[in-house]
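Chains E and L, in that order, are what the protein sequence lines are. Under my numbering, the residues of the first sequence are numbered 1 to 457, in order. Under my numbering, the residues of the second sequence are numbered 1001 to 1457, in order.
These are calculated hints, taken from the structure and not from any lab test. For clarity, every value in this text was computed on a predicted model and none was experimentally measured. Mixed in with the good hints, there may be bad ones.
Stated by the list, open to error - Lysine to aspartate or glutamate pairs mimicking EDC-like chemistry, simulated, CA-CA at most 20 Å apart:
{"id": "1", "chain 1": "L", "residue 1": "K1419", "chain 2": "E", "residue 2": "E10"}
{"id": "2", "chain 1": "E", "residue 1": "K185", "chain 2": "E", "residue 2": "E222"}
{"id": "3", "chain 1": "L", "residue 1": "K1241", "chain 2": "L", "residue 2": "D1220"}
{"id": "4", "chain 1": "E", "residue 1": "K185", "chain 2": "E", "residue 2": "D209"}
{"id": "5", "chain 1": "L", "residue 1": "K1241", "chain 2": "L", "residue 2": "D1183"}
{"id": "6", "chain 1": "L", "residue 1": "K1185", "chain 2": "L", "residue 2": "D1209"}
{"id": "7", "chain 1": "E", "residue 1": "K419", "chain 2": "L", "residue 2": "E1010"}
{"id": "8", "chain 1": "E", "residue 1": "K419", "chain 2": "L", "residue 2": "D1280"}
{"id": "9", "chain 1": "L", "residue 1": "K1241", "chain 2": "L", "residue 2": "D1218"}
{"id": "10", "chain 1": "L", "residue 1": "K1419", "chain 2": "L", "residue 2": "D1223"}
{"id": "11", "chain 1": "L", "residue 1": "K1419", "chain 2": "E", "residue 2": "D280"}
{"id": "12", "chain 1": "L", "residue 1": "K1241", "chain 2": "L", "residue 2": "D1137"}
Claimed, not checked - Here are some chain L residues pointing at chain E (derived, C-beta under 8 Å):
{"id": "13", "residue": "A1042"}
{"id": "14", "residue": "D1265"}
{"id": "15", "residue": "A1305"}
{"id": "16", "residue": "Y1315"}
{"id": "17", "residue": "V1378"}
Virtual Cβ for every residue (Gly too), placed ideally from N, Cα, C.
There are 2 protein chains.
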Amino acid sequence: MPEEIVVIDEQEIDRTLEEIRAALRAGRIQQAVRALTRLHPADRADAFAELPDTHQDALLPRLDIAATADLLEELEDEEAADIAEKLPADRLADVLDEMEPDEAADILGDLPPERAAEALAEMEEAEDVIPLLGHPDETAGGLMTTSYIALRPHTTAAQAIEFLRQIEPDEETPYYLYVIDRDRKLVGVVGLRDLVLAQHTDLIQDIMDPNVIFVTTDMDQEDVAHLMTHYDLAAVPVVDKDRVLVGVITYDDVLEVLQEEATEDIYRLANISDADLSIDTPVQTAVRRRLPWLYLNTLTALFAAWVISNFQSLYAQVAVLAVFQSVVTGMGGNAAGQSVAITVRALALGEIDSRSALRAVFRQGTIGLLQGISVGLVVGLGVYLWQGNLWLGIVLCLALIGNMFIGVIAATMVPLALKALRLDPALASTIFVTAVTDSIGFALFLGLASFFLPYLR
Amino acid sequence: MPEEIVVIDEQEIDRTLEEIRAALRAGRIQQAVRALTRLHPADRADAFAELPDTHQDALLPRLDIAATADLLEELEDEEAADIAEKLPADRLADVLDEMEPDEAADILGDLPPERAAEALAEMEEAEDVIPLLGHPDETAGGLMTTSYIALRPHTTAAQAIEFLRQIEPDEETPYYLYVIDRDRKLVGVVGLRDLVLAQHTDLIQDIMDPNVIFVTTDMDQEDVAHLMTHYDLAAVPVVDKDRVLVGVITYDDVLEVLQEEATEDIYRLANISDADLSIDTPVQTAVRRRLPWLYLNTLTALFAAWVISNFQSLYAQVAVLAVFQSVVTGMGGNAAGQSVAITVRALALGEIDSRSALRAVFRQGTIGLLQGISVGLVVGLGVYLWQGNLWLGIVLCLALIGNMFIGVIAATMVPLALKALRLDPALASTIFVTAVTDSIGFALFLGLASFFLPYLR
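Excised from the complex, chain E in its bound form (with noise of 0.2 Å):
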């Protein structure tokens, strides 16, 4: 009996390219596809993403159907389709029906649509792909698969077990069955597990459940994740307007959905629009798209300075201000970006609404008063000793109780304001926010220190 087992390992992967390079260098490429193929799939398009284009070329016409529809499945949407356009029409045509459609699907729509057309006419189960290409890429029928399985409710749960046979179906078919009417209407579902333990002579739809959640082809990826995660579903049934069953989406799906829009937030909060973007971007993709913020950020730190400039007969009078004045901004910048990550946070969870929104800011602003009042004190109290100007010391106190609980209250109000405006709230709260506690950082401690000026000198 076999024993060997499995476990991820990088060593292994990396064994493995020290023996694919080795053996193609020799010239020995039956071997180097040997090694590429001991890999388990994943780790297969992983090794061969890192070999270098010459490297990829010459192994790439000795893989066969299936170890190429492998790869294109495991490998990232724009390295597959690169691969793909290498291959001739009728080989991409093989490998694309060894595919699942959605991941056929997804590929055609990567490739030029003329090359796209080509190896679609080439095809045998081109029917199954070409419903899913007319989808937007982020709604519920962009993610969907076709190859799920359906029932009529007049089955027998023995008949239906006899139909799976065979149609033998493979590793990615949902475990469950949808079933639908004569008007292929989806009217229930009906878990493999619940087939298996049922009688014989049961009939399809005594064992379904009726109460079946689906979604529709133009819902949202977004929304579609969140359902899944709320009800805890494996797979969830994708129905056009008129109720008619035409997909599947599977929960691997949906983890990469939630992967991306956790990396959508991340980059958002930091003023990067383009989820795209990547640590491996080129440069000149990567400043084109990092500098639009960047000049929106300029805007905003220029009318900071303008609000300085209005105070500016005062650097003369106590030079020291201007040793201090960032100190009001920043803690003020750094107390509402706590708060912004955590109301954008709770907004994209969906543990925030409109019953709970004031609540929220209310909580959010007592949260800034009492951290301005402590960090106020602290630093006040700092300064003063440093300096030995204890009206310098009160002016900062003041100032940033005053900064963090306005930062925060606007930490918390933006990314409200945006949701409500159906924007993306991570989208342009950081700018916004920093603009509100750069600018009135800087007029508070500034005016404050105008006020108090006589006691300053």
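Using the hints, position chain L against chain E.
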């Protein structure tokens, strides 16, 4: 034939809440219970959590054991523990028996030890839960459930199906069956689908996949999540150090881990170290957990102030320096913030390793330099036109180029260094990098201003 089809419907939940409140006010508790139990268990928990304590206390004794178990499974951990504390020990034991072992173990872990011991003593299925109690929350052992099905290699497919019929596995039992030898060591996996498709007389050892991917009880939950995402697994078996099968982790646990992890990264980038904070955290707790990082920020802000204080005599001569110094530090911080987000996310998704780290620093450095030149030229020119001071524009431009370049390099290296030191790259990266962009920014700008002082006046 029933045609009822359910979709997620916030309004339905709100209507039900209204009905429950009205019924409870009128003293019709049974009607309130009926309204609540009409909802899907996941929605039911959401609705229940919205009710005030007095209403919860009125409903709780009227829910049957199964409904109470559903409720505790679907509620957030803390809320579930609060509810569990209100139940008498014998009733709690019945509810815990009804729950999934991993969920029951989580509740027991959150109860005061003497309450947990009481409940365990009354439980009938304590032996399923006790093995789960010893594992830290953040490990595979803390995530796994003991509710799985194990088969022996010499069983036939027909015997296995008969066995399944007898034990009537519940909804949550994974769709994979694990194969163990006489020492309970894991030797293979059989999909329920493969079992259905097999001939009755096929032996499990002939239809099982011996290359089963597994994790060990002490594996970090994030590594488990990445492994399951990487290999697209709906469930993964957990073994102890002797490869004895002790539990199973399913995709829904992994979804939760990934969401927790994203929250953690978003928070840590905003200098909040405690991922348990939410928009609903009471003020006192929130302030206590957020303040330490603000005090650390205060230290770095005061350090930056100390840097400025070395140039304090400049302001009496060129007051306008105080107006623009924050533009240099602010823009350095913004550009660096983008790179911190990209680097931290790349590390979280495993897109970066020791080989690619140097390339990443080099590429981000180039991006920072180009961004510095772009922003520096615009700001330099703008300020020259605004203030009519060419040398002020030149000094600003040079300081911006230098600070954005250095800031972006630091923003890439600090998370990589933290990761190399086996610390969380999200934690503390922001604070380190802000300290760099603030201190270096002020030093560069004011240093250059001192150097060019004759031309600036």
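Given pair status - E10 (chain E), K1419 (chain L), alpha carbons within 20 Å: Holds, at about 17 Å.
Given pair status - D1220 (chain L), K1241 (chain L), alpha carbons within 20 Å: This hinted pair holds, its Cα atoms lying about 15 Å apart.
K419 (chain E) paired with D1280 (chain L) [C-alpha distance capped at 20 Å]: 18 Å, holds
Hinted pair K1241 (chain L) and D1218 (chain L), Cα distance within 20 Å: The hint holds at about 9 Å.
20 Å limit on alpha-carbon distance, applied to hinted pair K1241 (chain L) and D1183 (chain L): 13 Å, holds
Proposed proximity, E222 (chain E) with K185 (chain E) (alpha carbon, max 20 Å): Violated. K185 (chain E) to E222 (chain E) sits at ~25 Å, over the 20 Å cutoff.
Restraint check, 8 Å cut-off on beta carbons, for V1378 (chain L) near chain E: Holds - the Cβ of V1378 (chain L) comes within 8 Å of chain E, reaching about 7 Å at its closest.
Restraint satisfaction for A1042 (chain L) [CB to CB of chain E, less than 8 Å]: 5 Å, holds
Proposed interface contact between A1305 (chain L) and chain E, which counts if any beta carbon pair is under 8 Å: Given a least distance of 5 Å, the restraint on A1305 (chain L) holds.
Satisfaction of hint between E1010 (chain L) and K419 (chain E), Cα-Cα up to 20 Å: With a Cα-Cα distance of about 17 Å, the restraint between K419 (chain E) and E1010 (chain L) holds, given a limit of 20 Å.
Pairwise hint evaluation, D280 (chain E) against K1419 (chain L), where the allowed Cα distance is 20 Å at most: Holds, at about 18 Å.
Satisfaction of hint between D209 (chain E) and K185 (chain E), Cα-Cα up to 20 Å: 15 Å, holds
Violated hint: 2 only; the structure is consistent with all others.
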